Amino acid sequence: MEILISQLFAGLSLGSVLLLAAVGLSLTFGQMGVINMAHGEFIMAGAYTAFTVQQILGSAGWSLLASIPVAFLVGGALGLILEIALLRHMYHRPLDTLLVTFGVSLILQQLARDIFGAPSVDVRLPELLSGPVTIMGTPVPAARVFILVLTVLVVAGLSLVMNKSSLGRRTRAVVQSRDLAEASGISSRRTDALTFFVGSGLAGVAGVAITLIGSTSPTLGTTYIVDAFLVVVAGGIGQIRGAVIAAAGLGLLQVFFEFGTTASIAKVIVLVIVVAFLQIRPQGIVATRTRGLA
Amino acid sequence: MSAAAPSTPSTSTTPTPAGTRTLPAVTEGAGVWTTGPRGALLGLGVGAILLLVVAPMTLSGFGLDLLGRYLCMAMVAVGIGLVWGRGGMLAMGQGVYFGLGAYIMAMHMTLADTTLEGESIPTFMRQNGVDRLPELWGIVQHPVVAVAAVVLVPTGVAGLLGWAIFSRRVKGAYFAILSQALAAAFAVLIIGQPVLTNGSNGLSNFHSLFGWDLSDSTNRTILFLVVAAVLLTMLAVTWQLYRSRFGELLVAVRDQEERVRFLGYDPALVKTVAYMIAALFAAIGGALFVPVVGIISPADIGVVPSIAFLIGVAIGGRATWLGPVLGSIAVSFAGTQLASVFPSFWVYFQGLLFILVIGFLPGGLASVTGFLRRRKTSETIEMEVTR
Amino acid sequence: MNRDHRPSYLEIRNLRVVFDRFVAVDGVDLRVDQGDLRFLIGPNGAGKTTTIDAVTALAPAQGSINHNGHELVGRKTHKIVRYGVGRTFQTASVFEDLTVVQNLDIAAGLRRRMRDMVRSRRGVSPRIQEVLEAIGLTDHQETKAGVLSHGQKQWLEIGMLIVQDATVLLLDEPVAGMSQDERDATGDLLAALAERHVVIVVEHDMEFLRKYAQSVTVMAAGKIVAEGTVAEVQASPLVQEIYLGAAGTKSLEEARVDAQLVGLDPDAVTADSAPEGAKN
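Protein chains in written order, with UniProt numbering: chain V, 1 to 294; chain C, 1 to 387; chain U, 1 to 280.
Hint data in this document are derived by calculation from the structure and do not stem from the laboratory. Among the clues, some could well be false.
Computed, partial: chain C to chain U, Cβ under 7 Å [unchecked claim]:
1. Arg-245
2. Glu-248
3. Leu-249
4. Ala-252
5. Asp-255
6. Arg-259
7. Leu-263
8. Gly-264
9. Asp-266
10. Phe-342
11. Ser-344
12. Phe-345
13. Trp-346
Keep in mind the model is a prediction, meaning the values are calculated, not measured. Quick reminder that beta carbons are idealized off the backbone N, C-alpha and C, glycines included.
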């Protein structure tokens with residue numbers, strides 16, 4: 001029983017980290033069709049933001065609280081610059097955005113290496129989060145509980161924004177028809193920029209969370225980006241709900257298979273499952289327009 | 001077969017003059033380096049003279065090894081040009097096939113060296129506390145089996161995976177992401193099995209290839225010549241492929257996959273075949289990389305090296321015949337030159353290349369001359385009009 | 001044309017197409033034989049294109065679709081094409097980056113052997129030459145299809161159908177956007193093709209229909225409401241009701257257009273003057 005709960009928790013915890021890393025992507029990739037490989041580096045930037053804030057403030061607790069909004073702004077600003085300088089001109093070439101943003105991610109990684117050095121750095125945990133807490137008689141790391149809660153808050157907040165606010169309505173309108181939205185007076189440029197700002201900002205927040213469970217290095221982003229994309233692909237385009245289910249599923253599967261085998265084999269099995277899943281529900285299908293194929 | 005086409009429509013149907021339209025550079029199948037038979041022979045001939053005669057005569061042993069390494073990487077690029085440039089499939093995980101070929105070859109060579117030294121299992125395995133040779137290794141002990149595995153395993157994997165993905169019409173970004181995830185999983189798998197693969201250290205320190213001493217300089221020159229000949233053969237094959245009906249069909253699938261379906265072809269089959277050929281080229285490149293460079297490790301095959309293969313292809317012109325090879329060699333060369341002098345500058349430069357070439361010159365350098373030529377013709381037309 | 005020289009046919013029985021609970025085609029029975037030139041007409045949303053889609057497996061079909069003894073329901077698109085069913089689309093879709101000859105060559109290549117696939121094309125086969133003549137594109141054979149005019153692209157599509165050895169030709173609005181001369185040429189071409197093929201044309205252009213249709217099937221709301229010669233269909237009270245009686249539920253403009261579509265006097269719909277040139 002204790003093993004089951006701790007495994008279950010480990011799976012959900014991994015899922016929540018994946019989701020935090022992927023939720024911004026499900027906005028920018030899912031809603032806008034931009035494949036932003038630099039999203040991982042925005043996460044990395046968020047992590048280094050947490051590190052820097054802690055260097056300045058000193059106190060682990062206050063700096064954690066302060067670095068969440070700061071990292072959101074840092075990630076968002078990076079995303080905004082990327083959108084305005086490059087992606088804005090490439091919405092009709094989604095595959096090429098992938099490679100362009102890969103170039104950006106190379107540059108950001110090297111920047112981090114030149115500023116902070118190649119060896120990894122550690123962010124101190126606040127006292128409160130460093131020990132275990134007991135859930136249903138099972139001790140689990142408090143930092144992971146914190147991440148789980150943070151993820152729930154972020155996702156709930158984002159769904160609220162997407163469903164209730166004017167940004168959400170405008171985003172959905174632009175996704176459905178750029179031209180129609182423009183014609184009804186929605187500036188698709190401003191909506192794109194704002195959506196990208198929010199999506200990238202969430203990457204920054206994910207970065208802060210990740211400092212709580214591991215050390216920070218310039219290649220931090222590459223560890224998460226592939227899995228984050230898998231979550232979005234398996235979850236379905238533009239579906240925050242889908243991303244939640246996919247992240248939880250992938251997290252649980254990974255932990256489940258790790259239990260019987262090793263982490264690396266589990267990773268391969270999970271990938272095979274995603275490919276098999278796409279056999280049943282191929283999200284890649286672009287619905288064929290029957291009156292014309294062009 | 002219906003014998004005759006129906007009667008000719010009345011003469012009043014003389015078609016209206018074709019409207020002029022400039023096609024975007026990317027979709028152009030042809031660039032400056034796509035050539036007719038004479039041009040292709042010329043290109044292959046010049047390449048053969050440079051690689052098979054000039055290079056061995058002028059370069060030092062070190063220089064030749066370095067060039068051999070570039071040529072192995074260029075083999076991956078030829079395949080990427082085929083699937084990405086002609087087939088429109090952004091294969092971001094070619095490192096997997098490169099790695100499969102390389103590791104099969106490296107396992108065979110390690111085993112051969114071990115036998116020569118009179119040992120029963122490789123040193124790294126002993127260090128990992130293994131005393132019996134794993135079965136996976138035993139398979140590739142025979143050179144013929146090893147070579148067959150280099151060809152069959154990667155093409156088999158590519159065939160299965162390609163068919164699973166393409167027949168469900170998963171395409172575009174989804175295919176790209178899956179292929180990238182494949183590269184990530186493969187690297188993780190290699191690192192995670194230190195007993196079988198020596199983990200992140202990789203396999204290295206090879207002394208012989210099929211009984212030939214690799215430290216002998218004549219043998220190394222012969223090895224280089226083999227590598228060069230293989231690359232030239234691949235170029236000849238792709239040249240024929242591009243002008244063949246299969247090549248035309250592939251472009252048709254890239255541009256209008258659904259329409260091809262209504263001509264009775266299965267686009268998934270066309271795409272899978274192209275993907276398998278690209279995997280084969282990458283695997284051969286990997287297998288030759290091992291004796292030439294002397295080491296293979298997960299650092300050469302993961303997500304980042306897999307994407308790095310793409311930049312040379314993009315610079316040279318993804319849809320052209322020679323562009324991918326030339327671009328790949330140029331990038332490899334620039335990489336070694338710059339990285340040895342200013343390591344961090346090279347990374348910035350590489351990043352900038354991706355941004356500038358893909359963002360602003362999607363047809364690659366090949367499209368620059370095409371662009372200039374087009375501008376020239378439009379200027380001539382304008383002149384004629386004003387006259 | 002059939003290999004064993006028996007006339008070709010396409011027989012649809014009790015065809016139903018349902019999208020999420022919306023019934024787009026509801027129990028259609030339709031048989032068209034070689035030698036007939038069948039026009040399929042009806043108001044917007046009647047299910048004409050959906051019927052064609054069902055035949056080519058683009059829409060989920062229930063029921064039976066039989067071509068020369070082959071059941072098509074449940075087969076994949078490219079298999080159906082291999083049984084000899086070819087179609088065009090409302091928006092001409094040709095391979096814009098390939099030349100006219102390359103387009104035709106790909107269409108003709110269906111039954112090519114592996115060995116021929118890796119070979120390059122040498123010259124232009126007599127068969128493709130013939131079709132180039134028929135579709136009036138001989139002078140443009142090396143032109144990239146992307147720069148052809150709209151009408152020329154439509155012809156190229158029809159040419160592709162011919163060389164791919166289709167025995168059933170499904171044409172979705174083949175003359176939309178064509179000039180009068182181009183329409184006539186297309187009509188002559190279709191009439192000639194109908195002798196050797198099963199031809200079904202979805203069309204809104206009534207002038208074109210009256211000139212070239214040998215028989216007409218009228219669809220409305222997913223069902224077939226009338227079938228016969230042009231005169232028979234025009235005289236059918238049911239057809240008149242569908243086109244005229246709907247005036248209350250749709251705008252006058254639409255009703256008038258629909259009325260003109262079946263060749264009725266648009267003035268019967270309203271006292272207003274007849275709309276001019278409402279063709280599409």
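Evaluated hints:
The beta carbon of Arg-245(C) comes within 5 Å of a beta carbon in chain U, closer than 7 Å, and the hint placing it at the interface holds. Given the 7 Å rule on beta carbons, the hint for Glu-248(C) holds: about 5 Å separates it from the nearest Cβ of chain U. For Leu-249(C), the interface hint holds, since its Cβ comes within 7 Å of a Cβ in chain U; the closest pair sits about 6 Å apart. A cut of 7 Å between beta carbons decides the hint on Ala-252(C): the least distance to chain U is about 5 Å, and the hint holds.
The interface hint given for Asp-255(C) holds, since its Cβ lies 5 Å from the closest Cβ of chain U, which is under the 7 Å cut-off. Checking Arg-259(C) against chain U by beta carbon gives a least distance of about 5 Å; that is within 7 Å, so the hint holds. Annotation: interface hint on Leu-263(C) holds; nearest CB of chain U at approximately 5 Å, less than 7 Å. Here the hint on Gly-264(C) is kept, as its CB sits about 4 Å from the closest CB of chain U, short of 7 Å.
The beta carbon of Asp-266(C) comes within 5 Å of a beta carbon in chain U, closer than 7 Å, and the hint placing it at the interface holds. For Phe-342(C), the interface hint is violated, the least distance from its beta-carbon to any beta-carbon of chain U being 41 Å, above 7 Å. At a threshold of 7 Å, the smallest CB-CB gap from Ser-344(C) to chain U is about 41 Å, leaving the interface hint violated. Because the closest C-beta pair between Phe-345(C) and chain U is about 39 Å apart, greater than 7 Å, the hint is violated.
For Trp-346(C), the interface hint is violated, the least distance from its beta-carbon to any beta-carbon of chain U being 36 Å, above 7 Å.
The structure does not agree with the numbered hints 10, 11, 12 and 13 stated previously, though it agrees with the rest.
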